Amino acid sequence: MSSDLPVQFEGVSVQAGSTVILDDVNLSIAPGQPTMVIGPNGSGKTTLLRLCMGLSVPTTGRITWGGRDALRPGRLAMLFQRPVMLRRSVADNITYGLAKAGLSRKQRLARMEQVLSRVGLLELAGRPARRLSGGEQQRVALARALAREPELLLLDEPTASLDPAATRAVEDIITMAAQSGIKIVMASHDLGQVRRLAGEVAFLVRGRLCERAAATDFFDRPSTREAAAFVRGDLVI
Amino acid sequence: MSGSLGAWEMIVSGDATLYAIVRLSLAVSLSAVAIAVLIGLPLGAVLALTRFRARTALIVLLNGFMGLPPVVVGLTVFLLLSRSGPLGVFGILFTPLAMVIAQALLVVPIIASLSRQTIEDLWHEYRDELTAMNVGPVGRMSTLLWDSRFSLLTALLAAFGRAAAEVGTVMIVGGNIDGFTRTMTTTIALETSKGNLPLAMGLGIILIALIVAINAAAWGIRVWSEQRAG
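The listed protein sequences derive, respectively, from chains R and E.
In terms of the numbering used here, the first sequence has 40 at position 40, counting the first letter as 1, and numbering is strictly consecutive.
In terms of the numbering used here, the second sequence has 89 at position 89, counting the first letter as 1, and numbering is strictly consecutive.
If we strip away everything but chain R, and leave its shape as in the complex, we get (with noise of 0.2 Å):
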């Protein structure tokens, strides 16, 4: 099957209203290490992923998938910063992606209890999914995502709102997943955790894509005013 990947943005910008989200981006997302999208908030991090995973459209500007005008249903996952739990239990969760996806039973349940131990959450297979923790839920998600075995995998805050230990748990998943070939793309206001992830990163101010760099070149030699102050933990607005 072909790729959806590179995904490519040519002069995007995104408007609501008179208000501008995005500013004429320009980005290829290939294969290889992890992206992470970076910037304040309204910098246009959440509509850069929402463009990417085919939840939005611009307003001008072109996006394909590996050359196309449309991306192929399935092939990408997307996780929020609030994790969608349906109001069913964990395994149901999973295994309902996988039902869409089109997959037997027997290769559901066999997918759903190997992703569900690989993200440590076997034992609550049965518990309504709604009732865990932001941090489980947040692992269920994934679990959920990776279920599907993407190719390109997005990623909008996933850690904002939880604690240091969930956010580990979750940051080792979301490492194993790389490892295994998964294209990541990330956003986070969190330079840690932007330090601990990135392959590379991806600056956004104000809609505009302000730098784009391997993650040691962007820490060690910001081009640009905005990127030297956010690395220094200014605060850029």
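Bear in mind the hints are in silico, worked out from the structure with no lab data behind them.
Nothing here was measured: the structure is a model prediction, and the numbers come from that model.
Heads up, the beta-carbon is just placed ideally off N, CA and C, and yes, glycines get one too.
Every clue listed holds true.
In silico negatives: residues of chain E with every beta carbon more than 12 Å from chain R:
hint: 1; residue: Val-89
hint: 2; residue: Thr-95
hint: 3; residue: Ile-208
Taking CB as the label site, the calculated pair distances span:
hint: 4; chain 1: R; residue 1: Gly-181; chain 2: E; residue 2: Gly-220; range: 45 to 53 Å
hint: 5; chain 1: E; residue 1: Pro-69; chain 2: R; residue 2: Asp-190; range: 55 to 63 Å
hint: 6; chain 1: E; residue 1: Glu-226; chain 2: R; residue 2: Ala-165; range: 22 to 30 Å
hint: 7; chain 1: E; residue 1: Pro-69; chain 2: R; residue 2: Lys-106; range: 52 to 60 Å
hint: 8; chain 1: R; residue 1: Gly-11; chain 2: E; residue 2: Gly-67; range: 49 to 57 Å
hint: 9; chain 1: R; residue 1: Ala-30; chain 2: E; residue 2: His-124; range: 31 to 39 Å
hint: 10; chain 1: E; residue 1: Phe-180; chain 2: R; residue 2: Pro-73; range: 56 to 64 Å
hint: 11; chain 1: E; residue 1: Thr-56; chain 2: R; residue 2: Asn-41; range: 27 to 35 Å
hint: 12; chain 1: R; residue 1: Asn-41; chain 2: E; residue 2: Ala-213; range: 47 to 55 Å
hint: 13; chain 1: R; residue 1: Arg-82; chain 2: E; residue 2: Thr-56; range: 26 to 34 Å
hint: 14; chain 1: R; residue 1: Gly-181; chain 2: E; residue 2: Thr-56; range: 47 to 55 Å
hint: 15; chain 1: E; residue 1: Glu-226; chain 2: R; residue 2: Arg-82; range: 14 to 22 Å
hint: 16; chain 1: R; residue 1: Asn-26; chain 2: E; residue 2: Gly-67; range: 51 to 59 Å
hint: 17; chain 1: R; residue 1: Gly-102; chain 2: E; residue 2: Arg-51; range: 27 to 35 Å
Take the given structure of chain R and dock chain E to it, following the hints.
For chain E alone, coordinates are given in the frame of chain R:
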């Protein structure tokens, strides 16, 4: 209070007249709710998941119709079903069927409004996730209906409570014919004015017990579902 003593006697001894009336009432109201579900649930789901020009007006109208005066619904159905009315040829005025139709009309707005609200709230929550999973319109609809089934059941119980307790529509389109279209509520109205208090009170007690039981069931379902499905 000889009336209340007589009422209990009728209930305990299984008085045939009393229980025939209870059976008819239940049959009419349950049928009405069943029909209203077939209309109201899809209507609510469509209103929750689609956007069209008259949508807001329709939602406001349905919300308003939740409080429809039963006598006005009765009058409308009466005019439709009367000999000179557009549906007069069927000759179903003053039959249980006419009462079923009238009560169904009365509770369709309740079921449609409450299910629209329930499904729409859940859709706001699920939208991104289901879209990201590439779930089509039919899959969305069935997922939302299934995942909100307990809230929807509460809506049905509310509709049944309303249908069973109303007197205006069944009085007008049923005609309160002894042994044929006489329900709990119309009997209570008639027998009270005749001074036959034991039967009226007996039916009143059963009606209240039913309404309380329905609300207890609704409450129980809610608690149970929250523990089970979150």
